[in-house]
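Student: Chain residues, written in single-letter form:
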Amino acid sequence: MPGSSEVKVDPDTGLLIRDGDNVKMNPYDLFALETALRLKKEKGGEITVLSMGPQAAKAVIEEAFAMGADHGALLSDRRFGGADVLATSYALSQGIKALGDFDLILCGKQTTDGDTAQVGPEISEYLEIPAVANVTKIREVTDETMTVEMDMPNQLEVVEVAFPCLLTVEKDIYQPRLPSYVLKKATADRKIPIYSLDDMDDQDENNYGLSGSPTQVKKIFPPETNTTQTMLEGTAEEQAKKLTTTLADLKLI
Amino acid sequence: EKKKKPLKKERWQGVAVYVAQVDGEIHPVTYELIGKAKELAGKLHQPVYALLIGSQVQAAAKELQHYGIDKIFVYDDPKLARFAIEPYTAVFERFIKQNKPNSILVGATTVGRQLAPRVAARMRTGLTADTTILDMDAKSTDLSQIRPAFGGNIIAHIVTPNNRPQMATVRYKVMDAAPRQEEISGEIVEKKINEKKLVSNEKIIDIIPKPAEQSIESADVLVAAGRGVKSKAELDQLKELANLLGGQLAGTRPLVENGWIDVRQQIGLSGRTVRPKLIICVGISGAIQFIAGMDNADNIVAINNDPKATIFKSAHYCLVGDQSDIIPQLIADIKARKGE
Ligand SMILES: Cc1cc2nc3c(=O)[nH]c(=O)nc-3n(C[C@H](O)[C@H](O)[C@H](O)COP(=O)(O)OP(=O)(O)OC[C@H]3O[C@@H](n4cnc5c(N)ncnc54)[C@H](O)[C@@H]3O)c2cc1C
Ligand SMILES: Cc1cc2nc3c(=O)[nH]c(=O)nc-3n(C[C@H](O)[C@H](O)[C@H](O)COP(=O)(O)OP(=O)(O)OC[C@H]3O[C@@H](n4cnc5c(N)ncnc54)[C@H](O)[C@@H]3O)c2cc1C
Chain A
1 MPGSSEVKVD
11 PDTGLLIRDG
21 DNVKMNPYDL
31 FALETALRLK
41 KEKGGEITVL
51 SMGPQAAKAV
61 IEEAFAMGAD
71 HGALLSDRRF
81 GGADVLATSY
91 ALSQGIKALG
101 DFDLILCGKQ
111 TTDGDTAQVG
121 PEISEYLEIP
131 AVANVTKIRE
141 VTDETMTVEM
151 DMPNQLEVVE
161 VAFPCLLTVE
171 KDIYQPRLPS
181 YVLKKATADR
191 KIPIYSLDDM
201 DDQDENNYGL
211 SGSPTQVKKI
221 FPPETNTTQT
231 MLEGTAEEQA
241 KKLTTTLADL
251 KLI
Chain B
1 EKKKKPLKKE
11 RWQGVAVYVA
21 QVDGEIHPVT
31 YELIGKAKEL
41 AGKLHQPVYA
51 LLIGSQVQAA
61 AKELQHYGID
71 KIFVYDDPKL
81 ARFAIEPYTA
91 VFERFIKQNK
101 PNSILVGATT
111 VGRQLAPRVA
121 ARMRTGLTAD
131 TTILDMDAKS
141 TDLSQIRPAF
151 GGNIIAHIVT
161 PNNRPQMATV
171 RYKVMDAAPR
181 QEEISGEIVE
191 KKINEKKLVS
201 NEKIIDIIPK
211 PAEQSIESAD
221 VLVAAGRGVK
231 SKAELDQLKE
241 LANLLGGQLA
251 GTRPLVENGW
261 IDVRQQIGLS
271 GRTVRPKLII
281 CVGISGAIQF
291 IAGMDNADNI
301 VAINNDPKAT
311 IFKSAHYCLV
321 GDQSDIIPQL
331 IADIKARKGE
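Going down the list, the protein sequences come from chains A and B. Once you know that position 76 of the first sequence is 76 in the numbering used here, the rest is easy, because the numbers rise by one and skip nothing. Once you know that position 304 of the second sequence is 304 in the numbering used here, the rest is easy, because the numbers rise by one and skip nothing.
This is chain A alone, in the form it adopts within the complex (with noise of 0.2 Å):
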C-alpha cells in the first residue's frame, strides 16, 4: 500500500496516483507482526510474512525481516494488478498454498486505503479454514487449539479455535517493536522468492488482477469539503432549540 494516507488523485482520468517508491508497512499489520513474534517466543515455529504488490514492496518484506521474521515472500505480477478485494484475497491464498503448510494466517484489523477490513474474512474463505475477526487477546495456545477473545459491540467473546486458523487482530493487541539495527543488517542479504501467476495453483489469468475483480471503480473524487458555516442565531433559548433540531436532523439525537 501507498505510505502516506494523504493520497492523490489524477484530475483528468480520477484513478489514483501511486508514489512507486514509498511503501510502507499497513500500520495495522504491525500489530499482526508482533502477535506473531510474541507466538513463537512462547511456542516456536517460524514466521513467514507475505505481500503483494509491485517489486518495492520488497522494502515492506524487508521491514518485518528486522523485527524478527524469519522468511517472505513477494507475490509480484503485473497480471496481480488493479486487483479488488475478491482477486486480491484470492491471489493471497493461492501464494500460502503455494508456500505449503500453516498452523496460523495472522492479519492486521484492515489497510489504512481500501479500508474494507474484508481481505482476511475472503482468504479464510478460500483456504476454507475457520477465521476469527476483532482479536484482542490470545488466552491460551494448545498443539491443536488457540483461545481467543473476539471484541463485539456490548460483550467479549472468547471462543477456542482449531488450527489452521486465521485471525484478524486488532490495534493495541500488543505495542509493536521498533525494527532492529542490528537485525536489519544480519538480514541484509536474505532472499525474498518472488511468486508470479505462473507459480501458482491456479493458473487462470481470469481469476486474478483486474479480470478476477467483480468490482470497478466508475470514478473516484475528493469529498464535498464543509466549509459552510452555520450560525444559530437569537436568545440562548432560541438557539438551544436550533442546536436541538440541527443534532436530530443529524441523527446525533
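Treat the hints with care, as some may be off.
Claimed, not checked - Reference listing, derived: stretches of chain B covered by chain A, where coverage requires no fewer than 3 residues with Cβ under 8 Å from a Cβ of chain A: (1) 59–67; (2) 103–114; (3) 153–166; (4) 198–208; (5) 311–323.
No lab work stands behind these hints: they were computed from the structure. No experiment lies behind these values; they were computed from the predicted model shown. Note that CB positions come from ideal geometry on N, CA and C, so glycine has one too.
Could you slot chain B with the ligands onto chain A? The hints should help.
Tutor: Below, chain B with the ligands alone, put in the same frame as chain A:
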C-alpha cells in the same frame, strides 16, 4: 482460456437484508437497511427479503413483520445461537442459492464485517465496504455504491456489473430507518438446514460483558469544556449533556491543570487526537494546540460568548452566547425530544 458464463441478471431478483441480532435482539442498523432495501427494490418492482439466522428468534421474526418486508426467511437452530463464521456462512450461502437476490445489504457491525466478506468470497462476488449512498439503476439492475476510503480523503463510486448477488455493507446511522407500522405484513418462511452444514471448528467458551468504554478517542460524541466553564456545577451539567448524547466529557489543557478533568480527557497536541461524529466545544478559545486534536470531527459545534473567538473558524455550527444560559436549555430540549 476458459470463458466465464454470461450472467443472466434477470434470474436474480429482490433486495435482501441480513438481520443483525444477538440473543434475539435486533440491531437497529437492520431497520435502516430495510428502509433502503424497500427503496431500491421499489425501483425494480421486486420484493424485499430479510434473512434471520439464530436460535429462538420467533419474536424477532414477528417484529420484522411491522416493517413491510415481503418475505422473512428464518433459520432457527440451537447450533446457530451465537455467531460462528462457518455455520452462518453455510446458512447464508443456502439462502442465496435458493432465492437468488439481486442485492444484499449487511450492517457493518462486528459480525457483519466478517460474515459479509466470507459470504462474498464463497459466492465469488463483489462486496463494497461501508457504503454511504446506494442507488439502483432500474435498467441494468446494477447497484450504484458510493463509499469513502483513505480515511475519508476520497470517495469512490463502485459498481458490480457482471456478478450477482451485489453485496454492500453499511454502517449504523448512515441510512434512514424504515418506520414501524402497526399492522403486520409479509410472510415468515421457516427454513431448515442439514445439521451437517452447521459444523463449526470454533467453540464459544465464555461471554464476558464489557465495561463501558472510557477512552475519548473511541467516543462518537464529545462535549469539550474550556476555561469558559467557571464552576464544577457547570462542568457537571456538561457531563450530563454528554451522557444524554451517549458521549463523553473531554476538555482543554487548563482544565487538566486545575484538576477538573483527567489527563486522559485532554484533547490536543499534548493530549489525545479525536475524530468523533460530533464535538460540542463549550467556552473554548480555539488555540491551535487544541484545534490540532479535533479538527477532523464530522460536526463541530462551538459555544462561546466572544464572537471573535478563533474556535468559530473551525466550527460548523456557531452559537455566540453565554454557555451558562444555553447549556441548561439545551439539556431540557434534548430530554424533551427523547421523551424523558
Ligand atoms: C476509494 C476506493 C474504494 C474501494 N472500495 C472497494 C470495496 O469496498 N470493495 C472492493 O472489493 N474493492 C474496493 N476498491 C478496490 C477497487 O475495486 C480496486 O482498487 C480497483 O479495481 C483496482 O484499482 P487500483 O488502482 O487500486 O489497483 P492497484 O493499484 O493495482 O492495486 C490493487 C492490488 O493489486 C496489487 N498489485 C498492483 N500491481 C501489482 C503487481 N505488479 N504485482 C502484484 N500485485 C500488484 C496491489 O498491491 C493491490 O493489492 C476500492 C478502490 C478505491 C480507490
Ligand atoms: C506546547 C503546548 C502544548 C499545548 N497543548 C495543548 C493541548 O494539547 N490541549 C489544549 O487544550 N491546550 C494546549 N495548550 C494550551 C493552549 O495553547 C491554550 O492555552 C488552551 O487550549 C486554552 O484553553 P481554553 O480554550 O480552555 O481557555 P481560554 O483560551 O482561556 O479560552 C476560554 C474561552 O472561553 C470563552 N468564555 C468565557 N466565558 C464564557 C461563557 N460564560 N460562555 C461562553 N464562553 C465563554 C472565552 O471567550 C474564551 O474564548 C498547549 C500549549 C502549548 C504551549
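Student: Against the structure shown, which of the earlier numbered hints fail to hold, in ascending order?
Tutor: Result: hint 1 breaks, nothing else.
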